[in-house]
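Q: Each chain, written out:
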Amino acid sequence: MSEDYRSMWESLGLDLTAHDALLGVLGKFYQDIYLAQEKRPEGMGYFDFVMGEVHGLRIKELLDEKAAGRKIIGSYCVFVPEEIALAANATLVGLCSGADFAVEEVEKVLPRNTCALIKSSFGFKLGKVCPYLEAADMIVGENTCDGKKKAYESLDALVANLHVMDIPQVKSEKGRELLKVEYWRFKEAVEALTGVTIDAARLKEAIRTVNAKRRALHRLAALRAADPAPISGLDALLANQVSFYDNPQRFTDAINKVCDELERMIAEKKGLFAPKTPRVVVSGCPMAVPSWKIPWIIETSGAVIVGEESCVGERGIRNLTDDAGQSVEELMEAIVDRYFKIDCAIFTPNPDRLAHIEEMVRAYKADGVIHYGLLFCQPYLMESIPVAKALEDKGIPTLRIDSDYSMEDVGQLKTRIEAFVEMLR
Amino acid sequence: MRTVGIDIGSRAIKLAVWEDGKIVETRQVDTGFDPLNGARRLLDGLTSDRIMATGYGRNLLEVALDTPTVTEIKAHAAGARYHFPLARTVLDIGGQDSKAIAMNADGRVVKFEMNDRCAAGTGKFLEIMAKSLGFSLEGFGAEAARAQRDLSINSMCTVFAESEVTSLVARGEDRNEIALGLHKSIVRRAVGMLKRVHAGGPVIFSGGVARNACICDLIRESLDQEILVAEDPQSAGAIGAALIAANGSTFLYRR
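If you're matching them up, the sequences are chains C and W in order. If you're matching positions, the first sequence starts at 1 in our numbering and goes up one per residue. If you're matching positions, the second sequence starts at 1 in our numbering and goes up one per residue.
For the record, the hints were derived by calculation from the structure and aren't laboratory data. Just so you know, even glycine gets a beta-carbon here, dropped at the ideal spot from N, CA and C. Among these hints, one or two may not hold up.
[Stated by the list, open to error] Cβ-Cβ distance ranges computed for the label pairs, FRET-style:
id : chain 1 : residue 1 : chain 2 : residue 2 : range
1  : C       : Asn-319   : W       : Arg-196   : 33 to 43 angstroms
2  : C       : Met-407   : W       : Glu-25    : 46 to 56 angstroms
3  : W       : Arg-196   : C       : Gln-326   : 40 to 50 angstroms
4  : W       : Asn-154   : C       : Lys-149   : 32 to 42 angstroms
[Unchecked claim] Straight-line distance between alpha carbons at most 20 angstroms, and here's what the computed PhoX-like set of lysine-lysine pairs gives:
id : chain 1 : residue 1 : chain 2 : residue 2
5  : C       : Lys-28    : C       : Lys-293
6  : C       : Lys-389   : W       : Lys-184
7  : W       : Lys-124   : W       : Lys-111
8  : C       : Lys-174   : C       : Lys-341
9  : C       : Lys-180   : C       : Lys-341
10 : W       : Lys-111   : C       : Lys-394
11 : W       : Lys-111   : C       : Lys-414
12 : C       : Lys-394   : C       : Lys-39
13 : W       : Lys-195   : C       : Lys-270
14 : C       : Lys-60    : C       : Lys-128
15 : C       : Lys-414   : C       : Lys-293
16 : C       : Lys-341   : C       : Lys-39
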């Protein structure tokens, strides 16, 4: 990385020594997991570049946007509507989480038995290594699980401008009403931050931008139904991960280019995996960069991942927002409708999620499901038991894995996942 | 066809030779600190058409000798079928992990449970507890079986259980009763795993811990069901690997 970046990181208040260590580990991990894959679509070169510049060029772009008067909003959840941020001339970015960092510092403010995702987000803040967080003009928290909503109380003391959004837990009329009220409140907060009043034209355009990104990811998802599989689950996950950071238009173009290439491969009946390779859908907790452990083990154990039922995956991107409305009110209703469909495990009951997993198994011709739950993530761990039972009752083999970001369980996981793949053969 | 199965476990490396429909030889050596060398010593002088590695050290052989591998789960299922051809349910407790396996009528694995990350409820647990009570590992089961009652041990964590044992000893409790409590805690965990895989028929018990008669009796009692142990339960994984090498190369995974 160039000296430019060092002064940029310094100006953001990053701890340069710790940040160097983080980038070193990240680079090695990427090398060992991503670049070690035998065959990849050529279009993934773009994503290699983006990952190489994840704390470099992309941050510089964001700082340039800031200098030109745009605002940066950081988010930890797919319930934060990107449409509203874009409509107010702000950029929405996903904040760092996905690796253990500054654990000792984190455990001074959070209990040890907190899920790795929440601990990680605090670790990046307390360790001063997340340039996205430091560049953000507003951070959005959301009351999803108990862990996150209580953690935001502590995060409030650590960041300058935290906006906490309440999220319903039941899919009822009242639940929808709450989400609507909260999205209008978010809209006002964003308008106050940017000084831009969101009108129908701006909102419509923002909806179209985000829908285009979703459509490109839907296209990619659909192509993975092909056998032999044209892309690894690792690369598809990476694309989903990058969707949280990248410029939306550029990202959309890059994904569509990858899709063009995959379509050509499929037309020639070519793939990157041998025909009849066991196919799995991974379902459960989100995997942020660099949480690649589980897909890496799966795809080095003789299987290919054909879909992610996850917030970093289909749960996050699967429905479009209707852009037909003519007024801000109508378009806001469409946004509420779209996000209210998200089948996060914080909802009770949550039958849509099981139905979606089954739909994905059918659509992508999966042979089995691997359920991934983060230790101490109550909503997903609780759901994993009835979900696994329901899938098995329908003849869909399911393996439940409870893990975190550490590498200490890799040996055991490898045996369990290999044995599961042997079952699917 | 002559095949060799080799099971590189945490405590012992086991080897089995399959020829003309039966196992003709088994060998065993302590894993020690150089499992690859141990495996090479076991293989010394053997000729075979095919070798198959299993156990937690299987990838060592894959890297060094380009040996195909199979997981312990599939190997123990196949090994159980060698001695008990109609077996549907297997419990394997080895040096550092334990698993319950359910098979369908054809012998295919349909469900399994395995301990994750720590050595709770495994041979290692028994070994450390025997030592902290001053018993030999071989005599530990018999000593436990002599107790008239058991002292309940709450922790399954080897480290915590050891301190629990230390405080019971310090209270002047009978060490045989403590030993029985420890055996029961392993059995509770194993029976829980067995029940979760919903397996039918008699339970085939394999792995080094199956040599402990007290554990076998307690499982039998707890399940109220017959359990079957082969003459040499530690070799089940190696036998299974040799069998798979002989019969099943088409459905094996080679990286």
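Q: All hints, please: hold or fail.
A: Hints versus structure:
1. Asn-319/C with Arg-196/W: 33 to 43 angstroms: holds, 36 angstroms
2. Met-407/C with Glu-25/W: 46 to 56 angstroms: Given a distance of about 38 angstroms, which is not inside 46 to 56 angstroms, the answer is violated.
3. Arg-196/W with Gln-326/C: 40 to 50 angstroms: violated, 56 angstroms
4. Asn-154/W with Lys-149/C: 32 to 42 angstroms: Given range 32 to 42 angstroms: holds, Cβ gap about 33 angstroms.
5. Lys-28/C with Lys-293/C: Answer holds: Lys-28/C to Lys-293/C is near 13 angstroms, not above 20 angstroms.
6. Lys-389/C with Lys-184/W: Distance ~29 angstroms between Lys-389/C and Lys-184/W Cα, so the pair is violated.
7. Lys-124/W with Lys-111/W: Distance ~25 angstroms between Lys-124/W and Lys-111/W Cα, so the pair is violated.
8. Lys-174/C with Lys-341/C: holds, 14 angstroms
9. Lys-180/C with Lys-341/C: holds, 13 angstroms
10. Lys-111/W with Lys-394/C: holds, 14 angstroms
11. Lys-111/W with Lys-414/C: Holds. Lys-111/W to Lys-414/C sits at ~16 angstroms (cutoff 20 angstroms).
12. Lys-394/C with Lys-39/C: Violated, at roughly 34 angstroms.
13. Lys-195/W with Lys-270/C: violated, 44 angstroms
14. Lys-60/C with Lys-128/C: holds, 17 angstroms
15. Lys-414/C with Lys-293/C: Holds: Lys-414/C and Lys-293/C sit about 10 angstroms apart, inside 20 angstroms.
16. Lys-341/C with Lys-39/C: Violated: Lys-341/C and Lys-39/C sit about 36 angstroms apart, past 20 angstroms.
Hint compliance for this structure: hints 2, 3, 6, 7, 12, 13 and 16 are broken, all remaining hints hold.
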